[in-house]
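Each chain, written out:
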Amino acid sequence: MKRRTFIRCVGCTAAAASILEPRLVPEYLRGFENACAFDFTKGLSSVEAKYYKKLEGGGIECGICPRHCRVTDLERGYCGTRENRADTYYTLIYGLPCALNIDPIEKKPLYHYYPGTKALSLATAGCNVNCKFCQNWEISQSRPEQTDNLDISPKAMIDIAEKRKVPHIAYTYSEPVIFYEYMSDIARLGHEKGVKSVMITGGYIEKEPLAELMPHLDAIKVDLKSIREDYYRDIVGGELKPVLDALIQIREAGMWLELVYLVVPTLNDTEAEFTELAGWIKTYLGPDVPLHFSRFYPQYLLKNLPPTPTKTLEKAHEICKAEGLNYVYLGNLPGHRAESTYCPGCGQVLIERRGYRIYRYELDGNRCKNCNREIPGLF
Amino acid sequence: MGKNYLSAKSKYVYNKYMSKVVVVKYINSASPESLTKVQYGQLLSAGIRSVAGAKDINAAVRGLIPDGVVGMKVNCLARKANSTPVKLVEAMTQILTDAGRDDNDIVVWERTSREMKMAGFPLNAASSGCRFMGTDANAVGYSDDIYTSGEVNSRVSSILTDVVDSNINLALLKDHSIAGLSAGLKNMYGAIHNPNKYHDNNCDPFCADVSMLEPLRSKNRLTIIDAVRVQYDGGPGFVSQYIHNYGGLIISADPVAADRIGLEILERIRKRHEMRPLREVGRQVTYLDTAAKRGLGVADMSAIALEVINVNAGGRLSAGELI
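Protein sequence lines correspond, in order, to chains A and B.
For reference, each letter of the first sequence is one residue, going 1183 to 1561 in my numbering.
For reference, each letter of the second sequence is one residue, going 3 to 325 in my numbering.
Any given hint could be a false lead.
What the hints assert, rightly or not - Here are the computed lysine-lysine pairs in the BS3-like style, where the Cα-Cα straight-line distance is at most 27 angstroms:
1) K1235/A with K1423/A
2) K1389/A with K1497/A
3) K1314/A with K295/B
4) K82/B with K1236/A
5) K1300/A with K1347/A
6) K1497/A with K1289/A
Unchecked claim - Counterexamples of contact, computed for chain A against chain B with all Cβ distances above 10 angstroms:
7) D1255
8) L1256
9) Q1323
10) S1324
11) R1325
12) E1455
As the list claims (entries may be wrong) - Cβ pair distances, simulated, as ranges:
13) E1230/A with P124/B: 29 to 35 angstroms
14) M303/B with R1370/A: 55 to 61 angstroms
15) E1230/A with M120/B: 46 to 52 angstroms
16) R1519/A with D146/B: 37 to 43 angstroms
17) N203/B with G1240/A: 20 to 26 angstroms
Since the hints were made in silico from the structure, they are not lab data.
Idealized CB from N, CA, C, for every residue including glycine.
Chain B extracted, bound-state conformation (with noise of 0.2 angstroms):
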């Protein structure tokens, strides 16, 4: 290990470090094609140690995420051009696993098989092993409950509500027609029932309301924005020439502070491929500041402790830049 970045002195104490956000960048712009699972697993496994303030990642695990059934929420709109990674789910689980946890306590989960088959996982909602199901799998489906948080009603994918303790969220880092950013918060619109109605005004409450639904907001424990390959204009579906290849990760145990980072780190791609900023073309991402006034974390940059690791080819960190 290069320097001692993870060498933190208290232990990985979960709200004391609600607003850091660790971004982990592999050397020379990595594209999702060219990482391997071990490479995804490097970059998760020094970044979740950062949050957690832990210098063994199973140690890390266990102070961020609780016993019992864990959920990967992924996001799978753009097919297998554009969803999370299957290497970064596998690398993620194989860190869950390795921490302790049975495989048969993972569910990997999205809103329907149909995208997450595109998307390339392999479906299984058998009895054993990690499960890997759409909401919309036989036996499965959505609330029988209305869950309310401001302008939001919706029912929430049972995956959520009856299935696991807890959820982390694997998102994308792109740029989104209405809202201006799609990461952690807007990709939770797949665990309702209803996302459709709710994008006017660049998705704003809309998207701090979903988040703030009950079952949401107390099963959400991590976010992992993949920012290996950012779409900064275009998005949310596949856009090939408005393609970065960041070759980083987006890691915070606050939701809020995660998309912050990731706005800002979209906004710089934007400004090296002379884009206009979002507020310029009718996108400004007004929700995460509603987000941090509902309480949902942090959206002020000066209130984040932002953490940059580099990690080359051999696995050593160093510190690095956000661009």
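Chain A extracted, bound-state conformation (with noise of 0.2 angstroms):
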């Protein structure tokens, strides 16, 4: 397109768009009869955030996750979705996410919870890390401002999915943490009402924040992207401590937890780390503790690097069984025979997946229907 003809569309685009009020919301979520476009005319959400202090001579140190930023006037932390505004700090993001869809729980992936049902999705723009292989990059990595929003009140996310008849709501895609206030009101909101929550993360957050969020979660699922320091420091752009931290916070919580591990070709792949990881997970969380391999596909910052190769996956699986965690998944494999759950006791196929669906399930509410053992999860 031509200059000219650039500044004429948006000219044309910019009055077209104050015609048209109410914004139309986009056509794949007019199913959502609860939504509505935000309209950025009005700005962007002024709800106060939760677990900030200000700082003496003035400023705020966040304290939601444990990059603490900290932020003067009119700044906003590394998330972007946090603002400081004469000295309150302000979530942007409350009431607006920019991805929902209705998703089988199968691809959180959350194996052992509830198999077969389905999750209303939603994120928000913003994230409190930048991994090079993000595949969300597009969501996570903008500003409030840069997204397509809806405005979706936490009463009208529950209305949807009690309509809906979709019995979990899970805060996903880019990272919950910076969404806090949002999630924790739906998910509270969500209890009353008898819809589950399920919160798929990257674990970096405070001690405080979680321990308040938990009763009003049901289950957790949180990427350990590597058991090596330096991995988060260059290529999540976080810290590994805080995030072993916090699993072990959850665990001790009895709150559900599944890990999913992407294994990025020369980056994170060694058999000395699957061994160092299967380790860690036995010892501070447990053999029953579900371990999801996912393949990497070539994305935002590293389109450099292949695909994982299968057989490297299946050599994570194979050094994580034998350092005996009792359910090990390959993901990103459809087809592949390590989608499917199997008792420890027995070696009975309880629940064969394909993808995202179920084509056998061999389960007596929470116990195989061969040897009657009792399998860990929410059945």
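Each of the two chains sits in its own frame; use the hints to bring them together as a complex.
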């Protein structure tokens, strides 16, 4: 497009947009009766954020995640979604999801949590890390002004779930820690109405907010991206230690927990790492926490790397099983036998999966139909 | 005209003056409120002519700003209290149109239209006249491509990548709570989609790397830092007790050298107000040296040709002191 044409288009579109009030909901979201497109002329949300302190001499320090951003007036934290206005810290994305879908719970992935059910899945713009392999970087690495947002209150979100008969709400795609207040209010309201909540997170969250949130959640899936601190620093833009601490905290709270480890060729795919990973999980979380090895596809800033070879994933699976983990899965490999759940007692296929679909279900409650062994999870 | 400051023998050879910085000051330290559009025009005219080494402002503009659509990146973070003054933008627009540029080919831009509106700019994303618009205006947005330089990976405002052929960086001189200095390089954080990711380590090397991104490096032709009113502490927001009316503009085709002089002025103002140097309060400005190492410009004071020009109420020019 030539520049002049471009400028003319800008003018025409701006004029048209001002006529079309209220703004139309995108086609793919029309089914959500309560959703209406967010009107940017109203400004972003201005709900006061939780977990921050005012600093002497001005500015605030955010306490929602271990980054502890110090933010002066009119500036934002690393996530780009929280702003200091005259030393009151605001979340700018409360009620403004930029993604909303109904997904199989297996897509999260959660394999030991009500298999075969669906989750109303939502995300806002922003993230508190910057993974070079992020598959949702177009929303996670954006500020809320840069995404097409909806305007959905927590109550309206629960209404959508109820009308669609979706039993769970999943906070996913980007990083729910950064829309903590919104997630927390939906989850709280959801429990009052019998709608469950699951958080799909990188686990980069401070202890106190996590403790406050967990009673309102039903399961958490954490992306444990590596077992090496330097990987977190160089590839993720975060820290490993707080994530490990959060995992232990989640487990100690009795919350249902599953883990995903994205295997990135040449970066976190050595046998020694898989062994160390399995050892840490077994020691600190126990052998029954499901571990999903996920296949990497070239994305975002790592387009130079190839997809993870199947053999690497199978090796990871083999090592972790040999180290004593009971439930090890391979993801992003549709049709692979390691997508299915097997009884650690008798070896019987308990849940046969292909992709996100279930083809066979051999559990009676939470017990193996063949040997009656109890299988951990929520079934 | 007073002394023969602008009688350069050679003609506006752009590269030859890469490290020339001109500080143009209005005598009797003006504030943005007291300066008129005409007075801003006098400062701009004197400074741009000196940078270009041209007697005639139209020739200077032709030498510095290539033909085509011209962008002016303003800084509206602190809203009306301390943003790029509308009068400065109007004066620069006048200079461009007087030099033969069509006002249809001028785009004044920022991150968001909302910020521009709050800073007092009249929004105009229509099909004619000088445009005033944020990157969030309908049908604009950020590049589909991610541009990479050093530690920075960002999408760049489509105004810079697709709309304008060249850009004038109309920044402000401010203290910054993290970077130490907010001037020309820091202002270009407003051209990328993820500036919040790049504030660690006093913004070093990020401030340098942002301006090294290809569309910024290739299109930024002139840096004009408004130092009429300097936020010498408590920035980048507006804190009234830390305002010093310096009354000048810093102008250069070298973005690093312009910032280096800005830092010098900022530190001297801080000293005058008995404030400790930035390095002693945890805000040492190291990103300028990084920018110089990257080849973006000159950070070494001894390699910068600094000229200070005073402009009096009648528009006469004379030699001045930095502070």
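Against the structure, the hints:
1. K1235/A with K1423/A: Given that 27 angstroms is the threshold and the Cα spacing comes to 23 angstroms, the pair holds.
2. K1389/A with K1497/A: Violated, at roughly 34 angstroms.
3. K1314/A with K295/B: 26 angstroms, holds
4. K82/B with K1236/A: 25 angstroms, holds
5. K1300/A with K1347/A: 9 angstroms, holds
6. K1497/A with K1289/A: Holds, because 23 angstroms separates the two Cα atoms, which is no more than 27 angstroms.
7. D1255: D1255/A is in fact no farther than 10 angstroms from some Cβ atom of chain B, at 3 angstroms.
8. L1256: Answer for L1256/A: violated, closest chain B Cβ roughly 4 angstroms.
9. Q1323: 5 angstroms, violated
10. S1324: For S1324/A, whose nearest Cβ neighbour in chain B is about 6 angstroms away, the distance does not exceed 10 angstroms, so it is violated.
11. R1325: 7 angstroms, violated
12. E1455: 25 angstroms, holds
13. E1230/A with P124/B: 29 to 35 angstroms: For P124/B against E1230/A, whose Cβ atoms are near 33 angstroms apart, the range 29 to 35 angstroms holds.
14. M303/B with R1370/A: 55 to 61 angstroms: 58 angstroms, holds
15. E1230/A with M120/B: 46 to 52 angstroms: Violated: the Cβ-Cβ distance is about 21 angstroms, outside 46 to 52 angstroms.
16. R1519/A with D146/B: 37 to 43 angstroms: 39 angstroms, holds
17. N203/B with G1240/A: 20 to 26 angstroms: Taking Cβ atoms as reference, N203/B and G1240/A lie about 21 angstroms apart, which means the hint holds.
The structure does not agree with the numbered hints 2, 7, 8, 9, 10, 11 and 15 stated previously, though it agrees with the rest.
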